[in-house]
Amino acid sequence: MSKIKKKRIGFVLDMTPLVDITFLLLTFFMFTAKFKSDSENQQKFEIRRPQTQSDTAKLADKDLVMVKIGADTVSKDTAFYVSMINEQDIVNLRQAMLEAKFPGIDEKTTVYKIKDTVWLGTIIEKCRIVNPRASFAVDADRRLRYRWVELAMNEMRKKRATTFNFITEKKMGM
Amino acid sequence: MAGGGELGGGQKQRRGKQGKRKIKKRLGFRLDMTPLVDITFLLLTFFMLTTSMITPQTMEMNVPPELDVPIEVKQSELLTIRVRDDGRIFYNMGMDAPEKVVMKGLKKVVVDQNVALKNRCIVVLKGSGEAPYGLVVQILDELNAAEPDIIEGLKRIGINERKRKFTVAPYEAKDAEELKGL
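Same order as they appear, the protein sequences are chains A and B. FYI, in the numbering used here the residues of the first sequence are 1 to 174. FYI, in the numbering used here the residues of the second sequence are 1001 to 1182.
Extracted from the complex, chain A is given alone in its bound form (with noise of 0.2 Å):
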C-alpha cells in the first residue's frame, strides 16, 4: 500500500503581474528622475541647506538667478558661485560678462565664481538686464556665516532686487 511518489518536475509562476508593476515603477522613477547639470557636475563644494518647517512653495525651475554660497571642500574659500538658469539667459549673460571682463571666462562659463562684492553687484546688475523677470535664489551652507548671505542680500537690495528666495530643505518629521 506504498503511494506512489509522483516525481515533481519543478514549478510553472506566472511573473506577468510581476513584470508589469515593475516596468511601471522603473518608467515612473526613470521619468521623475532628475540629473545632475553640467553646473553643478562642476560644483566643488557641498550645500548642507538649512531646514525650515512651514514653507511649502517649490524652486521655480526657469526665470531664475542661482546665488550658491559654498565653502570650496579644497581650498576652503567662501565664495559666491552665481549663474542662470534659462539656456537663452546662459548665452546672454555670458556674453555681457565677457564684455565686462570678468576674470577666467571663456566661452564655456557658465558659473561664475565670485569673491568680491564689487563684482557680485556687476553680475546681478547683467542678470537683472539679460532676463527682468528672473527670480533672485539664495542657496547657502547653514553652517556659514551670516555676513555672507548679508553681502548677498545688500547687493541684490542695491540693484532693486527686494524679493528673493532662501533655498531650504523641509525639516523632516515634523
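These are computed hints drawn from the structure, not numbers from a lab. Do not rely on the hints blindly, as some may be mistaken.
Stated by the list, open to error - Per label pair, the in silico range of CB-to-CB distance:
no. : chain 1 : residue 1 : chain 2 : residue 2 : range
1   : A       : V91       : B       : G1028     : 34 to 44 Å
2   : B       : G1181     : A       : D116      : 27 to 37 Å
3   : B       : P1170     : A       : Q53       : 23 to 33 Å
4   : A       : P103      : B       : V1063     : 42 to 52 Å
5   : A       : T162      : B       : R1156     : 48 to 58 Å
6   : B       : P1148     : A       : K62       : 44 to 54 Å
7   : A       : K62       : B       : R1156     : 11 to 21 Å
8   : A       : D63       : B       : L1031     : 22 to 32 Å
9   : A       : D63       : B       : G1181     : 20 to 30 Å
Ideal placement from N, C-alpha and C gives every residue a C-beta, glycine not left out.
Take the given structure of chain A and dock chain B to it, following the hints.
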C-alpha cells in the same frame, strides 16, 4: 516542408467526421522572462536609489529697497530680535533691556507683542555676521510660522487686517555692545 504539411492537412480535412479542418490546438508558448525581469529589477533599484524625493523648498524674503529717506518708526512699536555671535537670541521692545529667548519661545513673544500692540508692531531681525546662516533662517521660519497665530489673535480683538510683517536690518557695533555680558 511546408507544402507537404499543408497537403497532408488537406487530406485529413477530407477524412474528418464533420468535414471540418482540424486545427492542432496551440497551447501557447513559454518565454523565459527571467533575464528580462532581472534587468528590469536592476534598473528599478538603480532609479529608486538615485532619485531624491526631497525637492528644495523656498522661503520668500522681501527686503525694503534702499531708500535715501529712512522711514520713521516709533521706538515703542519696534520689536528687535538680535542674534549674537555665539548664536544666542535676544529680543527687546523699543528701548527696553534685551532679554534672552530660546528658539521655541520666540514665536510666543512675537505673537503676544503683535496682538498687544494691535497690529502696529514692527519686527526687525538683526543677525550678527558671525552667527550661522542656518540659525537666521530658522528665526525667519519661526516668524513665518507665527503669522497664522498673529492673524488669529488679531481677529479675536476685532482686527481683520494684517499689514506689517517683519524685516531684516544690519547688526551694528552698538548692538553687539548692548548684548555684551548678557
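Going down the list of hints, with the structure as the test:
For the hinted restraint 34 to 44 Å between V91(A) and G1028(B), the CB-CB distance of approximately 58 Å leaves it violated. A hinted range of 27 to 37 Å holds for the C-beta pair G1181(B) and D116(A), which are about 35 Å apart. Separation of P1170(B) from Q53(A) is about 27 Å and conforms to the stated range, judged on CB atoms against 23 to 33 Å. The hint said 42 to 52 Å for the Cβ distance between P103(A) and V1063(B), and at roughly 29 Å that hint is violated.
At roughly 33 Å, the beta carbons of T162(A) and R1156(B) sit outside the given window of 48 to 58 Å. Restraint check, P1148(B) to K62(A): a C-beta distance of roughly 31 Å breaks the suggested window 44 to 54 Å. Against the hinted window of 11 to 21 Å, the Cβ-Cβ separation of K62(A) and R1156(B) comes to about 42 Å, which falls outside the hint. Evaluation of the 22 to 32 Å hint for D63(A) and L1031(B) yields a failure: the beta carbon distance comes to about 50 Å.
Under the hint 20 to 30 Å, the C-beta atoms of D63(A) and G1181(B), about 48 Å apart, miss the expected range.
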